[in-house]
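A.B. asks: Chain residues, written in single-letter form:
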Amino acid sequence: MPFIPHTDDDIREMLGRIGANTVDQLFDEIPAALHCGNLGLPPALTEMETTRLMETRARQDEPYLNFIGAGAYEHHIPAAVWQIAGRGEFYTAYTPYQAEASQGTLQTLYEFQTMIAALTAMDVSNASLYDGASALAEAVLMAVRAHKQARRVLLPATVHPFWRQTVQNIVKHQHIELVTLPYDPSGGHTSLEELAAYAGDSFAALVIPQPNFFGRLEAVDELTDWAHRQGMAVIAAVNPVALGLLKPPGEWGEQGADITVGEGQPLGAPLASGGPYFGFMGCKQALVRQMPGRLAGRTVDAEGREGFTLTLQAREQHIRRGKATSNICTNQGLMVTAATIHMALLGPNGIARTAAACHDNTRRLMAKLATVPGIRPVFTQPFFHEAVFASDIPAADLLRALAAQGILGGFSLGDAYPELENAILVCATETKTEADLDQYAEQLERIVSRRSQGPACTRLKPTADSKW
Amino acid sequence: MTIPTDRRYSKTHEWAKLEADGNIAVGLTHHAQDMLGDMVFVEPPATGRQLAAGEECGVVESVKSASDLYAPVSGAVVAVNDEVENTPEQINQNPYSAWIFKIKPDNPTEWDNLLDAGAYQTLADSEAH
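Line by line, the protein sequences give chains G and V. The numbering used here applies: residue 5 is where the first sequence begins, and numbers increase by one. The numbering used here applies: residue 5 is where the second sequence begins, and numbers increase by one.
Okay, chain G solo, but in the shape it has when bound (with noise of 0.2 angstroms):
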């Protein structure tokens, strides 16, 4: 069978029977201007030539000690999780369209929403969304709805960057307005005296990243009672393994969070370019009719048996058209798929020696680089996983060095925050050894100083032919 379903004798025949000369007729519509033109992409190459280059590509990646994290995860992945997930039951697990037919697809996002419940104390959880920055734009714009009068959403500047741009662009066109809030230069948390300004009603949500992107713990429960008595929704946005760690959005201040969103990669969705990745949502019973995507639930048939079915529909784009809740219909069957079985195996006791894990390599490995002569730690609010330094050498330059040394050393701030020039977050899970940590501390060290001597790091000056 041809991977290229149409030959040239199809698309002429189809042509002629429409009256159009050739394909690119059919788009005149749209003006010249729009059209992409030549992608410069280089000639097809064969199977083989492919799968050469590809391993090529690859080997590049295999040498790193890997200790940036800032959004995206390294966890021990048992290899079971795949093993099931790579399954041709679950391997096609898009969002069945004849839902009630597959009945094992329904009941893995019933058991993927129950745990999620559980781990964010919500009352009800969706069967995904595409990714965590997508995630809290739908959380923006469902707490808008909800809230009927105002469009104005309080983001500190400590939810990632990445996810504040996404936000923004989602949201922009329905005229809601994102309004940045300061964070402690000491601290690295949201500031709690600075939040009087933002008092009134004219907010209908403030989002709280816990822990936010640089680690650092808010405070949680303050940040949800002052919202709360302003009468603005709490978007909680949460990594899923520190919950095994931290009170769950749920039980924040007095009434809890009303939206949680999260990114779900750190359970276990492998760093691959950046994707696939998974959103997950949840929300109070109140907020129901409001949250966007798919929701499995658990009921019986005609003849009292037990099925599975997906409930709380009518308002979802393929019946509501233009007036749907939310054009996020989909989710990410496969990588949910994956998550509730790595949630199964890591139970949650699992969950939370991972969580302790990260926390106390992280510890550790900030106390090794504070005795780096040159080194200074950044922000003083307890962390969880990832925590920031700085030095007097450019991030860039420091971070090129240790890779070098085969070392991805962390997230350059600067970029995203350009009062945090030089800084640079850093992560280590549970993956990473006692020797890895100290590997890390002695060429950080071996940099620091050698850069402080003069010019003979200049020799760590990448060339054309440079692989880093």
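Simulated from the structure, these hints should not be mistaken for laboratory data. Check the hints yourself; a few may be wrong.
[Stated by the list, open to error] Think about it this way: if two alpha-carbon atoms lie no more than 25 angstroms apart in a straight line, the pair counts; the simulated SDA-like pairs of lysine to any residue are:
(1) G/K152 - V/N85
(2) V/K68 - G/G326
(3) V/K15 - G/R325
(4) V/K108 - V/N27
(5) V/K68 - G/R325
(6) G/K327 - V/E60
(7) G/K288 - V/V67
(8) G/K288 - G/D127
(9) G/K152 - V/F45
(10) V/K68 - G/T315
(11) G/K152 - V/T91
(12) V/K21 - V/N98
(13) V/K68 - G/H322
(14) V/K15 - G/R319
(15) G/K327 - V/M39
(16) V/K108 - V/S71
Just so we're clear, the structure is a prediction, and the values are computed from it rather than from any experiment.
Let chain G serve as the given structure and place chain V on it in line with the hints.
C.D. replies: Frame of chain G, contents of chain V only:
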């Protein structure tokens, strides 16, 4: 079911009943609830909200569909029926007594633009199949 003659109707299948105090109660017709199926959720407009005639002002949701509610006349929302909000199946069981919200009308002449029972019967019959 016979269509009550003590009230008027919109083309979007709301009934409107002029009450003794001059307010207008609004609900869904038997025909509408029959087309939508078992009601599971009602989202009425907020009390105090000012509505224009024909404005989308709420949602009713059944097991198979979600449908907008429209204001039959202009005016402010003066009451919302909590009972129907809590037990939406009342709309299926007694559509003509399950009012959803009440409007204090701005303009009495708009009442005359609504359909009487006979005209609504014709509309419902034309949509029935």
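A.B. asks: None of the hints should be skipped; say for each whether it holds.
C.D. replies: Results for each hint:
1. G/K152 - V/N85: holds (19 angstroms)
2. V/K68 - G/G326: It holds: about 17 angstroms lies between the C-alpha atoms, which stays within 25 angstroms.
3. V/K15 - G/R325: holds (21 angstroms)
4. V/K108 - V/N27: Holds, at about 5 angstroms.
5. V/K68 - G/R325: Answer holds: V/K68 to G/R325 is near 14 angstroms, not above 25 angstroms.
6. G/K327 - V/E60: holds (11 angstroms)
7. G/K288 - V/V67: holds (21 angstroms)
8. G/K288 - G/D127: holds (5 angstroms)
9. G/K152 - V/F45: holds (18 angstroms)
10. V/K68 - G/T315: Satisfied, since the Cα-Cα distance of roughly 10 angstroms is no more than 25 angstroms.
11. G/K152 - V/T91: With a Cα-Cα distance of about 23 angstroms, the restraint between G/K152 and V/T91 holds, given a limit of 25 angstroms.
12. V/K21 - V/N98: holds (15 angstroms)
13. V/K68 - G/H322: holds (11 angstroms)
14. V/K15 - G/R319: holds (23 angstroms)
15. G/K327 - V/M39: holds (19 angstroms)
16. V/K108 - V/S71: holds (23 angstroms)
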